[in-house]
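Asker: Sequence:
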Amino acid sequence: MNAAESQAETRRLVDKLWSYCNVLRDEGVSTIDYVEQLTFLLYLKIAEEKKNDLIVSEHLLPQGWQERGWSELVGQKGTELKRRYEQLLADLGDQAPGTPHHLIFAKAQNKIQNASNLSRLINDLIERETWSIHGTDVNGDAYEQLLSRGAADTKSGAGQYFTPRPLINAMVRCTQPTPDDTITDPACGTGGFLLAAHSYIVDTHVRPNGLNREKLRKISGNIWGTELVHGTARLAAMNLLLHGIGSWGEQPGIQVEDALARNGRKASLVLANPPFGKKSSITVVNEDGKASREEVAYKRHDFWVTTTNKQLNFVQHIATQLDIPGRAAVVVPDNVLFEGGAGETVRRNLLRDYDVHTLLRLPTGIFYAGGVKANVLFFEAKPPAGADQPLTSKLAVYDFRTNQHFTLKTKALRDEHLDDFVEWYLSADRPEDRKPNDRVKLFDYADLVARDKINLDLIGWVKDESVDDADELLSPEVIAAEIVEDLQAALSEFAAVAEALGGASSES
Numbered sequence: 030m031n032a033a034e035s036q037a038e039t040r041r042l043v044d045k046l047w048s049y050c051n052v053l054r055d056e057g058v059s060t061i062d063y064v065e066q067l068t069f070l071l072y073l074k075i076a077e078e079k080k081n082d083l084i085v086s087e088h089l090l091p092q093g094w095q096e097r098g099w100s101e102l103v104g105q106k107g108t109e110l111k112r113r114y115e116q117l118l119a120d121l122g123d124q125a126p127g128t129p130h131h132l133i134f135a136k137a138q139n140k141i142q143n144a145s146n147l148s149r150l151i152n153d154l155i156e157r158e159t160w161s162i163h164g165t166d167v168n169g170d171a172y173e174q175l176l177s178r179g180a181a182d183t184k185s186g187a188g189q190y191f192t193p194r195p196l197i198n199a200m201v202r203c204t205q206p207t208p209d210d211t212i213t214d215p216a217c218g219t220g221g222f223l224l225a226a227h228s229y230i231v232d233t234h235v236r237p238n239g240l241n242r243e244k245l246r247k248i249s250g251n252i253w254g255t256e257l258v259h260g261t262a263r264l265a266a267m268n269l270l271l272h273g274i275g276s277w278g279e280q281p282g283i284q285v286e287d288a289l290a291r292n293g294r295k296a297s298l299v300l301a302n303p304p305f306g307k308k309s310s311i312t313v314v315n316e317d318g319k320a321s322r323e324e325v326a327y328k329r330h331d332f333w334v335t336t337t338n339k340q341l342n343f344v345q346h347i348a349t350q351l352d353i354p355g356r357a358a359v360v361v362p363d364n365v366l367f368e369g370g371a372g373e374t375v376r377r378n379l380l381r382d383y384d385v386h387t388l389l390r391l392p393t394g395i396f397y398a399g400g401v402k403a404n405v406l407f408f409e410a411k412p413p414a415g416a417d418q419p420l421t422s423k424l425a426v427y428d429f430r431t432n433q434h435f436t437l438k439t440k441a442l443r444d445e446h447l448d449d450f451v452e453w454y455l456s457a458d459r460p461e462d463r464k465p466n467d468r469v470k471l472f473d474y475a476d477l478v479a480r481d482k483i484n485l486d487l488i489g490w491v492k493d494e495s496v497d498d499a500d501e502l503l504s505p506e507v508i509a510a511e512i513v514e515d516l517q518a519a520l521s522e523f524a525a526v527a528e529a530l531g532g533a534s535s536e537s
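In this text, residue positions in the sequence shown follow the numbering used here: the first is 30, and each later residue adds one.
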C-alpha cells in the first residue's frame, strides 16, 4: 500500500468510526469514552485475528482462553450481548498487574448501555473489518485521529492529555532521536511524544537502511512512558501497539504510576508536556466517606527544593532522569520562568548544573486547555565543567509569541509554522553559532543569574505589530479567540495569586 492509498484507507476508517461516535453522542457517550470502548473491542478483535492467522498464529489473551474472547460477542444482541461484554471486561481486568491485559482492561466499564448501539458497533463496524491487514500505519493513524477529535471535545477535559502534534513534531525534529537513544515521557498522556520519536527514528535511520525486525524490537524496548491516570494510560498503550511499538503479547511500554514519587529509569532523551496545574495533590477519603484534597510535597534527595508545585517538580524530575550525556525538551508554563521562592531555586540550579541553551516562547491558542501561556525549554546534561563553573553559557530565546495568532478551529498550528524555528535550531549546535534570526536574542549566564529572582521571562525585542493596528487585518474569530485566551490566562493568574495567599495565611 503506497502513501496515497494508506491515507485514503485511514480517512475511510476514521470517517466510518466517527459516524458511530456521532450516534453514541446522542446516548451521552463522550468522544473519549467512545475511543476507550474501541480500545477494548479492537484489542479483542485483533487478538481473534492473530489467533486464526494461518502463517504466524499468536495467542494474545490469557492462558486457557482458547475458546474465549471476540467470538463470544459476534452475532449476539440485547441483554445477552451486554452481559457477555461486561463479563469479558471484568475477567480481563482481573488479570495480574504487569500483563498487557491488566493495563488495557483494569477498571474497564461498558459505557454503551444501549444494546442495539453496542451490537451495531461490534457486528457492523468492527467485525466487518480485518484490522490486521490494514497495517500499523493505517490502524495507528486512524486511532490517533480519533484521539485528536476526542481532545477537541472540551467538555470531556481530554485535551489536557493531548499536546498539539505540530509542536511535538518540532521538538522531535530539533532533538533528533537515534536508534541508540533511550527515550521517555514522564507524563505521557496518550503517547504523542513517544510515537513521534519512534516514527522519526524509523523514517530517518531504519527505513533508509532496510527495515530490520530485531532493530525495531530494540528501538521499541528503549521507548517508554509514565502516566498517572489509568484510563489515559490504556489509550497510550493501545496507541503504541497500533503503531507497531512493542508486542501485543508483552507488557506495553507504559507505566501507570506517579512519576514524581521516585527517580525512575535513566534516559538519554526526555520529551514531555507535564500537566499545567500548579499544585500536586491527592484525594483522601476519611472514615466518614468524605473526600478531600491534600497537597503533596515530594521530599526527594535528588531534588533541589521541596515544593507542592508539580510544574517545578516535573522540571526537577526530568533533570534528574537524564543520563550524561542527555537532552530534554520540555513544555513549561510561563510561571516556571518567573515564579519566586522554589521557582528561583530550581532555575538557579538548572542553569548551573545543566546546559540550558534554548527557550521557545509559544503563542496562545494552540493548546486545548484554554488560557495557557507556555514555552519549550531545551537543556542538556553534561559532565561537570569544573569547580564553580556553570554548564550554561548562553541562553537563546526564540520569540514565537509576538504577532502570532492561532485558534484551534479557524487557524490551527501546523508543522510549517515552526519550520523557521527548527531550521534555526539545527543550523549549529551552540546558540551563539546559529544563523541570525530577528526573533532570537542571546543572554549570557551572568546576566541571567543577576536578574531579580533569575527571571527568565525575557521579552521585548520583537516589534509588536498590534500597536500599528495590525489587529484590524485579523478575522473576528481570531480576535475573539485571543480575547478569550487573555481572559482565561488572567483568571488563571488570579487563581494562582489567591491560592498562594490562602497558603500563606494558613501557614502564618
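Derived from the structure by calculation, the hints contain no laboratory data. Be aware that a few hints might be false.
Straight-line distance between alpha carbons at most 30 Å, and here's what the computed DSSO-like set of lysine-lysine pairs gives [stated by the list, open to error]:
| id | residue 1 | residue 2 |
| --- | --- | --- |
| 1 | K79 | K45 |
| 2 | K423 | K492 |
| 3 | K111 | K136 |
| 4 | K438 | K482 |
| 5 | K492 | K482 |
| 6 | K79 | K140 |
| 7 | K106 | K45 |
| 8 | K106 | K295 |
| 9 | K80 | K328 |
| 10 | K438 | K328 |
| 11 | K438 | K140 |
| 12 | K136 | K80 |
| 13 | K136 | K79 |
| 14 | K482 | K328 |
| 15 | K411 | K482 |
| 16 | K247 | K80 |
| 17 | K45 | K80 |
| 18 | K440 | K411 |
| 19 | K295 | K464 |
| 20 | K79 | K111 |
| 21 | K411 | K247 |
| 22 | K470 | K411 |
| 23 | K328 | K244 |
| 24 | K79 | K106 |
| 25 | K423 | K440 |
| 26 | K470 | K440 |
| 27 | K438 | K411 |
| 28 | K438 | K464 |
| 29 | K464 | K440 |
| 30 | K106 | K80 |
| 31 | K79 | K247 |
| 32 | K411 | K423 |
| 33 | K111 | K140 |
Asker: Determine for every hint whether it applies to the structure shown.
Answerer: Structure-based check of all given hints:
1. K79 with K45: Measuring from Cα to Cα gives roughly 23 Å; hence the hint holds.
2. K423 with K492: holds, 23 Å
3. K111 with K136: holds, 16 Å
4. K438 with K482: Given that 30 Å is the threshold and the Cα spacing comes to 38 Å, the pair is violated.
5. K492 with K482: holds, 26 Å
6. K79 with K140: With a Cα-Cα distance of about 26 Å, the restraint between K79 and K140 holds, given a limit of 30 Å.
7. K106 with K45: Between K106 and K45 the Cα gap is close to 21 Å, so the pair holds against 30 Å.
8. K106 with K295: Status violated; Cα separation ~50 Å.
9. K80 with K328: Violated, at about 48 Å.
10. K438 with K328: violated, 42 Å
11. K438 with K140: Judged against 30 Å, a Cα distance of about 28 Å means the pair holds.
12. K136 with K80: holds, 25 Å
13. K136 with K79: Roughly 25 Å between the alpha carbons, so the hint for K136 and K79 holds.
14. K482 with K328: Holds, because 23 Å separates the two Cα atoms, which is no more than 30 Å.
15. K411 with K482: holds, 25 Å
16. K247 with K80: Cα-Cα ~25 Å, so holds.
17. K45 with K80: holds, 25 Å
18. K440 with K411: It is violated: about 40 Å lies between the C-alpha atoms, which goes past 30 Å.
19. K295 with K464: violated, 33 Å
20. K79 with K111: holds, 24 Å
21. K411 with K247: This hinted pair holds, its Cα atoms lying about 25 Å apart.
22. K470 with K411: holds, 24 Å
23. K328 with K244: Between K328 and K244 the Cα gap is close to 39 Å, so the pair fails against 30 Å, i.e. violated.
24. K79 with K106: holds, 25 Å
25. K423 with K440: violated, 34 Å
26. K470 with K440: Cα-Cα ~27 Å, so holds.
27. K438 with K411: violated, 42 Å
28. K438 with K464: violated, 34 Å
29. K464 with K440: Holds - the C-alpha atoms of K440 and K464 are around 29 Å apart, at most 30 Å.
30. K106 with K80: holds, 24 Å
31. K79 with K247: Given that 30 Å is the threshold and the Cα spacing comes to 22 Å, the pair holds.
32. K411 with K423: Roughly 15 Å between the alpha carbons, so the hint for K411 and K423 holds.
33. K111 with K140: holds, 10 Å
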